[in-house]
Amino acid sequence: MDFFVFVDLIGTIAFAISGVLTATKKRMDVFGIIIIAFVTSIGGGTLRDLLVGFPVAWIRNTYYVYFIIGCTILAILFRRKLRHVRTSLFLFDTIGIGLYTVVGIEKGLSADLSPVICVALGTVTATFGGVIRDILCNEIPVVFRKEIYATACILGGVSYFVLLFLTPIPEGIIFVIAGSIVITFRLLAVHYKWILPTIYSKEELENLN
Amino acid sequence: MDFFVFVDLIGTIAFAISGVLTATKKRMDVFGIIIIAFVTSIGGGTLRDLLVGFPVAWIRNTYYVYFIIGCTILAILFRRKLRHVRTSLFLFDTIGIGLYTVVGIEKGLSADLSPVICVALGTVTATFGGVIRDILCNEIPVVFRKEIYATACILGGVSYFVLLFLTPIPEGIIFVIAGSIVITFRLLAVHYKWILPTIYSKEELENLN
Amino acid sequence: MDFFVFVDLIGTIAFAISGVLTATKKRMDVFGIIIIAFVTSIGGGTLRDLLVGFPVAWIRNTYYVYFIIGCTILAILFRRKLRHVRTSLFLFDTIGIGLYTVVGIEKGLSADLSPVICVALGTVTATFGGVIRDILCNEIPVVFRKEIYATACILGGVSYFVLLFLTPIPEGIIFVIAGSIVITFRLLAVHYKWILPTIYSKEELENLN
Numbered sequence: 001m002d003f004f005v006f007v008d009l010i011g012t013i014a015f016a017i018s019g020v021l022t023a024t025k026k027r028m029d030v031f032g033i034i035i036i037a038f039v040t041s042i043g044g045g046t047l048r049d050l051l052v053g054f055p056v057a058w059i060r061n062t063y064y065v066y067f068i069i070g071c072t073i074l075a076i077l078f079r080r081k082l083r084h085v086r087t088s089l090f091l092f093d094t095i096g097i098g099l100y101t102v103v104g105i106e107k108g109l110s111a112d113l114s115p116v117i118c119v120a121l122g123t124v125t126a127t128f129g130g131v132i133r134d135i136l137c138n139e140i141p142v143v144f145r146k147e148i149y150a151t152a153c154i155l156g157g158v159s160y161f162v163l164l165f166l167t168p169i170p171e172g173i174i175f176v177i178a179g180s181i182v183i184t185f186r187l188l189a190v191h192y193k194w195i196l197p198t199i200y201s202k203e204e205l206e207n208l209n
Numbered sequence: 001m002d003f004f005v006f007v008d009l010i011g012t013i014a015f016a017i018s019g020v021l022t023a024t025k026k027r028m029d030v031f032g033i034i035i036i037a038f039v040t041s042i043g044g045g046t047l048r049d050l051l052v053g054f055p056v057a058w059i060r061n062t063y064y065v066y067f068i069i070g071c072t073i074l075a076i077l078f079r080r081k082l083r084h085v086r087t088s089l090f091l092f093d094t095i096g097i098g099l100y101t102v103v104g105i106e107k108g109l110s111a112d113l114s115p116v117i118c119v120a121l122g123t124v125t126a127t128f129g130g131v132i133r134d135i136l137c138n139e140i141p142v143v144f145r146k147e148i149y150a151t152a153c154i155l156g157g158v159s160y161f162v163l164l165f166l167t168p169i170p171e172g173i174i175f176v177i178a179g180s181i182v183i184t185f186r187l188l189a190v191h192y193k194w195i196l197p198t199i200y201s202k203e204e205l206e207n208l209n
Numbered sequence: 001m002d003f004f005v006f007v008d009l010i011g012t013i014a015f016a017i018s019g020v021l022t023a024t025k026k027r028m029d030v031f032g033i034i035i036i037a038f039v040t041s042i043g044g045g046t047l048r049d050l051l052v053g054f055p056v057a058w059i060r061n062t063y064y065v066y067f068i069i070g071c072t073i074l075a076i077l078f079r080r081k082l083r084h085v086r087t088s089l090f091l092f093d094t095i096g097i098g099l100y101t102v103v104g105i106e107k108g109l110s111a112d113l114s115p116v117i118c119v120a121l122g123t124v125t126a127t128f129g130g131v132i133r134d135i136l137c138n139e140i141p142v143v144f145r146k147e148i149y150a151t152a153c154i155l156g157g158v159s160y161f162v163l164l165f166l167t168p169i170p171e172g173i174i175f176v177i178a179g180s181i182v183i184t185f186r187l188l189a190v191h192y193k194w195i196l197p198t199i200y201s202k203e204e205l206e207n208l209n
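Protein chains in written order, with the UniProt record's numbering: chain P, 1 to 209; chain Y, 1 to 209; chain B, 1 to 209.
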């Protein structure tokens, strides 16, 4: 199996699980859960494909749809195993953005787009599904929150191109490194409560108008 | 006139009225009402066309736009007749999702898509306009609520394919049956306060975390 | 340089600044600000291009992306000069919708679309970026508010076609007039607290149900 198809599938599983966890937290019914899991999994890739002008993958590829429904049902059945919902949700969401950033960059490269656009597409692919999930579940969307989120995707995407242009590391390995940077950076950032150096003066921070 | 063009027009009228009712409830000005009615009518079909790769119908078909504006103005003038806004809104929205589910399935079939995708497109066509209407009017989106909504569309869509594959009933009649199932099921579900069998244990329902 | 490319760039600057002002008001970090500025600038044009079936401009045009990032960084550095954030935000947003209305109409004409659709596309181009900006920044979206907003775009768009069909004024000048009408009308409307003549009876206004 193609490496990127594999990465895409694992990312799909991670986001489907994150969708199930968010929807069951809201005590949605079983169809609601399937819809949220589906939208979380395919939201980012769908927007990316529309922007680039690719045909939307899941429309023609029924296996993809059955795969998501299957993952969702398994995740519903075994959701008790994921006892600490908050931690599990954070973990699967983080794995999802790491893998989807890489998938988005690769899709951009396959359409001969420039590095800055590829990084943007990686970020869109990674973050948009989670944003829709949160809006539909009436949660504060993850990008609004103070946490490092899209920043991790941008950092991973930039690392990809820096390593590609400045080192002799083979491309396949660079993809693995870039995805790992996204995941590791977000895990560390949330664990150690990292925030970016502030651009605001003390005075500005005191006067939230 | 083509059967599906007819169904589409009736669905458009129903959703335009539901948009007018929601917007006048918020005391929007006349341009605001027209925009909300328009978005409610064309939102679902537009997303469906973008996903499948069809050209967006209303962009090239000016009659469609004038038709919606005309319906909207009539609905504004005669809104007093719809005294019980809450009931009327529910009714027109329900007729809308029934008809648009059928329109979405037919569009999917016309692009040779598989049954599961056709059901998904029917559901998207039926529900997305109402979701945008509610977000723009600052109402809780209808899909968030506990009511049976998307579930009725999925049930109607699945019924269509079950009847198509397992019975000798002609396709045109099956479409009528499928649309009626969506409408009847939602009417009954809301009237009798049906909910789907819960997947949650008693313990989970007590601990909404 | 082509006249419309110039108008588009000025509109882009105005919306990028409005994005920076909204995001810094929320004390977002520097990546967050860049993402909001970018989305505000390209949101409306992107939706318009998807609806018409044009390729999305910024995907293939890297200069556009660097231009927005450059404007954003300048706007961040000089944000102190824009002391009265509320007034500045209103001003740049208003310039943005005026210019983008004109750009949207011109794009519609270039695809041989009818006047009513061109006006709709002008309004979409002008308003959608600001709507996304407000949703992502957790502000009440500007179109929900009581202010004249989309109405100014529709009025400017209709004026364009009235002048084109009924007067001998050259097209280039009509574009300038139409954009000025949008900007002037909104400035005056907000300054003098204009509202459209109400369609509601006294009784209806008292009974907000």
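Hints may contain errors.
Note that identical chains are pooled: a pair holds if it fits in a single copy or bridges any two copies.
[Claimed, not checked] Heads up, simulated EDC-like pairs for lysine to aspartate or glutamate below, C-alpha to C-alpha not over 20 Å straight-line: (1) K26 to E139; (2) K26 to E106; (3) K25 to D134; (4) K25 to E171; (5) K26 to E203; (6) K193 to E147; (7) K26 to E204; (8) K25 to E106; (9) K193 to E203; (10) K26 to E171; (11) K193 to E106; (12) K25 to D2; (13) K81 to E139; (14) K81 to D134; (15) K26 to E206; (16) K202 to D29; (17) K81 to E206; (18) K202 to E171; (19) K81 to E171; (20) K202 to D112; (21) K202 to D134.
Worth flagging that the hints you see were computed from the coordinates, not collected in a lab. Remember, predicted model here, so these are calculated numbers, not experimental data.
Evaluation of the provided hints:
1. When the C-alpha separation of K26 and E139 is checked against a cutoff of 20 Å, the pair qualifies both within a copy, at 10 Å, and between copies, at 18 Å.
2. In this assembly of identical chains, the alpha carbons of K26 and E106 never lie at most 20 Å apart, being 35 Å within a copy and 33 Å across copies at closest.
3. Taking the shortest Cα distances, K25 and D134 sit within 20 Å of each other inside one copy (12 Å), while across copies they are farther apart (23 Å).
4. In this homomeric assembly, K25 and E171 never come within 20 Å of each other (Cα to Cα): the closest approach is 40 Å inside a single copy and 41 Å across copies.
5. With identical chains, the CA atoms of K26 and E203 are at most 20 Å apart between copies only, with a shortest distance of 14 Å across copies and 40 Å within one.
6. Proximity of K193 to E147 under the C-alpha cut-off of 20 Å is restricted to the intra-copy arrangement: shortest distance 8 Å within a copy versus 39 Å between copies.
7. For the homomeric pair K26 and E204, the shortest alpha-carbon distance between copies (11 Å) is at most 20 Å, but the shortest distance inside one copy (37 Å) is not.
8. Taking identical chains as interchangeable, the C-alpha atoms of K25 and E106 are never at most 20 Å apart, the minima being 34 Å within one chain and 35 Å between chains.
9. When the C-alpha separation of K193 and E203 is checked against a cutoff of 20 Å, the pair qualifies neither within a copy, at 23 Å, nor between copies, at 33 Å.
10. In this homomeric assembly, K26 and E171 never come within 20 Å of each other (Cα to Cα): the closest approach is 42 Å inside a single copy and 39 Å across copies.
11. In this homomeric assembly, K193 and E106 never come within 20 Å of each other (Cα to Cα): the closest approach is 30 Å inside a single copy and 48 Å across copies.
12. In the homo-oligomer, the alpha carbons of K25 and D2 never lie at most 20 Å apart, since the shortest distance is 35 Å inside one protomer and 45 Å across protomers.
13. Taking CA atoms no more than 20 Å apart as the test, K81 paired with E139 passes in neither setting, with 23 Å inside one copy and 36 Å between copies.
14. In this homomeric assembly, K81 and D134 never come within 20 Å of each other (Cα to Cα): the closest approach is 23 Å inside a single copy and 36 Å across copies.
15. Only between protomers do K26 and E206 lie at most 20 Å apart by alpha-carbon distance; the minimum there is 12 Å, versus 35 Å within a single protomer.
16. For the identical chains of this complex, K202 and D29 are inter-copy neighbours only, at 15 Å across copies versus 47 Å inside a copy, given an alpha-carbon limit of 20 Å.
17. Proximity of K81 and E206 under a CA criterion of 20 Å is satisfied inter-copy only: 18 Å between copies versus 44 Å inside one chain copy.
18. Proximity of K202 to E171 under the C-alpha cut-off of 20 Å is found in neither arrangement, the shortest distances being 44 Å within a copy and 51 Å between copies.
19. Taking identical chains as interchangeable, the C-alpha atoms of K81 and E171 are never at most 20 Å apart, the minima being 37 Å within one chain and 45 Å between chains.
20. Taking the shortest alpha-carbon separations for K202 and D112, neither the intra-copy value of 44 Å nor the inter-copy value of 54 Å comes in at or below 20 Å.
21. For a Cα distance limit of 20 Å, the shortest separation of K202 from D134 qualifies neither inside one copy, at 32 Å, nor across copies, at 25 Å.
Hint violations for this structure: numbers 2, 4, 8, 9, 10, 11, 12, 13, 14, 18, 19, 20 and 21, all remaining hints satisfied.
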